[in-house]
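Asks: As given, the protein sequences belong to chains A and B, one line each in that order. The first sequence lines up with residues 568 to 787 when you count with the working numbering. The second sequence lines up with residues 766 to 979 when you count with the working numbering.
Please keep in mind that the hints were generated in silico from the structure rather than gathered at the bench. Glycine included, C-beta positions come from ideal geometry on N, C-alpha and C. Among the hints, erroneous ones may be present.
[Said to hold, decoys possible] Incomplete in silico selection of chain B near chain A, CB under 8 Å:
1. V821
2. I823
3. S841
4. A904
5. R947
6. D948
7. R970
8. A972
9. R975
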Amino acid sequence: MARKPSQASHSESGGNEELNLSPIMALLVILIPMLLAMFNFFEVKVQAVAAPKLGTGKTSKTDPDKKPLNLTVLISKQGFLLKQQDELQDVAEKPIPKDTFEMSVMENGAPVTKSIEDYDFATLYSRLRAKKQRYPDETTINIAAEMDIPWHVIARTIDASRVQLEDGNFEGRDRMMKYASATPEMRKSKKDIDGDGAVTEADQEPVPMFPRVVFVVAED
Amino acid sequence: MAHTGRHDRPDHVDAGEEVHFQKKERAGIRAQEINDSLNINSIMDIMTILLVFLLVSITSDPWNVKPNQYLQLATSTVDRPPEDSLAILVTKRAIVVDNQDTVPIECLTAGGRQCRSDDDYRKEGNRYFIDKTYKEDGAESSFLIVNLLKKLTDKLDFAKEVHAGANPNEPFKAITTIICDRDIPYRVIAEIVHTAGNAGIDQLRFAVMRTSVR
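One chain only, chain B, in its complex shape:
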């Protein structure tokens, strides 16, 4: 017989035994209640909901940007959601397209020494720039980054082919999202944006971390 948590009442009991029996019966019911409260199903429900929430959140983020010492996003109150686009990651060390370091970014400390350690990159007053050897004709004044131009042109050509096969009636939109470290100077940004324009990208987006305070 399955155990019910209740004690079987004997056929004949006197008054003293009756009180003792009732106490045992109440204790049995309490034990049963404690046993019920440890039901694993409630925890399973919470964990399943949490799992679904986390999976949806992670898959809806197209880039899943992880901040580190080389990439800290600028903050903004803008509320425009990210779109599916070609991402250009600009960290303190390199311009990354398609998970490949395309152009290195040079870093000089305030004392004019080249940044080597992680501590150097954390310091304020560093100067970040792209070496002239990566620019058009090796000219310091040029805004065109040759390696980046080639990489973007290749990626765009491929994206156009894929788009033409999948949606032949819709015009192709060349959109890029620049995920840029907060300390990258305007010169480097202008060079990247100018190069993107030369590659045929006409719509630019800058990724920022949303805050409620301006």
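Excised from the complex, chain A in its bound form:
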């Protein structure tokens, strides 16, 4: 029976009936596992890289009076080799061979310490950091690799050259362990990093080392 608007809320039950939430619950119980299956439990980020060139890459400097450093990391199956402009090189760079490191790896869900042969990213970082201290204005690094070097090795090499770490030099048998857990050196950013609408002391960013990465392909 139709009621006057003034009587609409004065039903016999006094308006205390609870909404039946069971259908909504049923919907959520289906939706949430479905979304959990679609959800990625890891963060996808991106590394910026410049286009490859044939031959050795050019440096970011445009000043004609200044010799370009032309710093290049060559990745081979044996390890790394650093190259730079011949005229700026005092002594020939020693290669950085692969080495055997004590590493913590997961085996059957438990961490196990194992001896693993790997690229010496710790020594590569230390050498690059020394170059940065000598040539602080240089921002470009060329990366060249043998044709069958897999992408994950190149990605870790870019990681070793991109930002400065709080520890500048890694030495000793446990250098890879120290390098693996090293944190980047931070500085106050000019951008609003935390998104609070203002640039404050809390807006911190890593100090770049060689942020401009160029892929190069060595000519035969």
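We have chain A; now place chain B onto it with these hints.
Replies: Frame of chain A; chain B shown alone:
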């Protein structure tokens, strides 16, 4: 009358009955408390928050990369968020643009046999390459992948038109993100990047899985 969970006290009771009545009353209150704790509203609140969180997380991921045996991302400590860009997916089996297999990737096992089963793709020491028939002039040494160049050029032309219609005053940025399997060799990456450069793409990004350990 609505049930309140409390027992109605009779008008006249003696001492023994009073104790018995108090026990019944306390039991009634406990039952009421248990009934209250099973309220569905709290679960609804949790589920609603979880639903919103999951929806926001999934929609903010532009590619929603799902790792499988043909695509495992490399790891990095980089913290640069992905941007809206043209994605080139490079799995162990094919180069995929716009959800279409554009160029197949050949796979040879360490023994020189062609990879057929999923087990073959899981093995280490496989060699991945692009057949010369897909390259410029059919030359093994060429870095230009013809099918990929055509596909990227078409996609870029379309993106430019859309951008010109929507933001005529802003210059168009040709950015591509390469979502690449960790075992793909430098040769294939260099060929893809060289082809992208020929298509007019000037800014390249490589998708990686973020880790805290280097």
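Asks: Each hint needs a verdict: does it hold in this structure or not?
Replies: Now the hints, each set against the structure:
Given hint, V821/B at the interface with chain A, is violated; its Cβ is 11 Å from that chain's nearest Cβ, farther than 8 Å. Among the interface hints, the one on I823/B holds; its C-beta lies about 6 Å from the nearest C-beta in chain A, closer than the 8 Å criterion. With a cut of 8 Å, the hint placing S841/B at the interface with chain A holds, because the nearest CB-to-CB distance is about 5 Å. Because the beta carbon of A904/B sits about 14 Å from the nearest beta carbon in chain A, more than 8 Å, this interface hint is broken.
The closest approach between the C-beta of R947/B and any C-beta of chain A is roughly 4 Å, which is under the 8 Å cut-off, so the hint is satisfied. With a cut of 8 Å, the hint placing D948/B at the interface with chain A holds, because the nearest CB-to-CB distance is about 5 Å. Because the smallest distance between the Cβ of R970/B and any Cβ of chain A comes to about 4 Å, under 8 Å, the interface hint for this residue holds. Taking 8 Å as the C-beta contact cut-off toward chain A, the hint placing A972/B at the interface holds, the least distance being around 5 Å.
For R975/B, the interface hint holds, since its Cβ comes within 8 Å of a Cβ in chain A; the closest pair sits about 4 Å apart.
The structure fails to meet hints 1 and 4 from the earlier list, while all remaining hints are met.
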